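Student: Spelled out, the chains give:
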Amino acid sequence: MYDVQASIGQAHILRPDFGSDLLKELQQYVVAKNINLAWLSGVGAVSRAVIRYYDQTNKSWVDLELDQRLEVAGMWGNVSLLNGQPIVHIHIVLADETGRCYGGHLADGTLVFNLEIMMTSLQGPNVVRKMDDQTGLTIWT
Amino acid sequence: MYDVQASIGQAHILRPDFGSDLLKELQQYVVAKNINLAWLSGVGAVSRAVIRYYDQTNKSWVDLELDQRLEVAGMWGNVSLLNGQPIVHIHIVLADETGRCYGGHLADGTLVFNLEIMMTSLQGPNVVRKMDDQTGLTIWT
Amino acid sequence: MYDVQASIGQAHILRPDFGSDLLKELQQYVVAKNINLAWLSGVGAVSRAVIRYYDQTNKSWVDLELDQRLEVAGMWGNVSLLNGQPIVHIHIVLADETGRCYGGHLADGTLVFNLEIMMTSLQGPNVVRKMDDQTGLTIWT
Chain A
15 MYDVQASIGQ
25 AHILRPDFGS
35 DLLKELQQYV
45 VAKNINLAWL
55 SGVGAVSRAV
65 IRYYDQTNKS
75 WVDLELDQRL
85 EVAGMWGNVS
95 LLNGQPIVHI
105 HIVLADETGR
115 CYGGHLADGT
125 LVFNLEIMMT
135 SLQGPNVVRK
145 MDDQTGLTIW
155 T
Chain B
15 MYDVQASIGQ
25 AHILRPDFGS
35 DLLKELQQYV
45 VAKNINLAWL
55 SGVGAVSRAV
65 IRYYDQTNKS
75 WVDLELDQRL
85 EVAGMWGNVS
95 LLNGQPIVHI
105 HIVLADETGR
115 CYGGHLADGT
125 LVFNLEIMMT
135 SLQGPNVVRK
145 MDDQTGLTIW
155 T
Chain C
15 MYDVQASIGQ
25 AHILRPDFGS
35 DLLKELQQYV
45 VAKNINLAWL
55 SGVGAVSRAV
65 IRYYDQTNKS
75 WVDLELDQRL
85 EVAGMWGNVS
95 LLNGQPIVHI
105 HIVLADETGR
115 CYGGHLADGT
125 LVFNLEIMMT
135 SLQGPNVVRK
145 MDDQTGLTIW
155 T
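Protein chains in written order, with our numbering: chain A, 15 to 155; chain B, 15 to 155; chain C, 15 to 155.
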């Protein structure tokens, strides 16, 4: 078990602008604020979404474009370091008018209707992603 | 990006009573305890649920009544101020016997079987909801 | 409303080993680290999953084995005490290649592909599970 201990810092209460790209906004935010380690959670709605599934066997991503207005039942993720820069990693569950859920890895192209996010910054040792041959992913190492 | 920083306060470990209305119980709790800013997460089960989808085009809510016993795969949300009073905003994902998920905005009429909730109170500037014409929602302003 | 207040402690940033049993790893971790009270959240992927639904009427568990590679859209839960020992309780939402979600109570037999977890330890009064006749579950008492 990879295991790093950190202290809890400030809570950032965030609402990305209407119409903005959800992932890009959060990515820009953590770079601008020098947040290198954090955990986040959010709820709200988007006007369209792009999520991804990781094909573990082929080590490739499968994109799913959802060109519809959806609730963000929830989103969760973190900020850590990749190549010396903070990177945001988020998973999301979306829900349509019938309550049906779509889940996966949040990708660029997801547009904010309204989102309410708490990002908790953490102070501790660097948590660093490096390419891992076994999974084909950049994992904490 | 709307951006407020707050300090992390106490954790409230909560279990609403069996048979109580989940949203109403939490709403009463934050008023009674003067909690004006918080984030929360929970897991458990309900004996029935009412969730809502926001129709972004028509700016109206669509209710979905689920008159069945369901796992609460998870619930997440926050407490902020509306008209000077704390208001609880929660999204939820429910799951049935086949694992099928139903997600949306938690509404009154959802009855507790057993719920385990952590609400983290935050100390910072007021986070206030106001009616927003573009979305038709009371958003952080 | 059962209501316990606790102080927020350290954040444990965890990545269970590839191929390990997700729930067992976390259970061993909290025993080894003497973590008696905590909240957690995680995202990632598993190579197979076992989740459970609680049949509230018959007071029995229904297991659902998902022998497929799945995203962990999210997982959430807590650590509290049962018979004087810390016990981990987790709910999870999994997603397949089409975004379809499966939710429930995390069981043994769920194998880690890659998981990123934040467990926040809490300091406060003991939070203790005891068998409750009304629900048939060990609930906070």
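Calculated directly from the structure, the hints in this document are not laboratory data.
None of the values given here were measured: they were computed from a predicted structure.
Ideal placement from N, C-alpha and C gives every residue a C-beta, glycine not left out.
Where hints are given, some of them may not hold.
Partial chain A-side listing against chain C, Cβ under 7 Å, derived [claimed, not checked]:
# : residue
1 : Asp17
2 : Val18
3 : Leu78
4 : Val141
5 : Val142
Student: Hint by hint, which ones does this structure get wrong, listed from lowest number up?
Tutor: The structure conflicts with hint 5 only, although it agrees with all the remaining ones.
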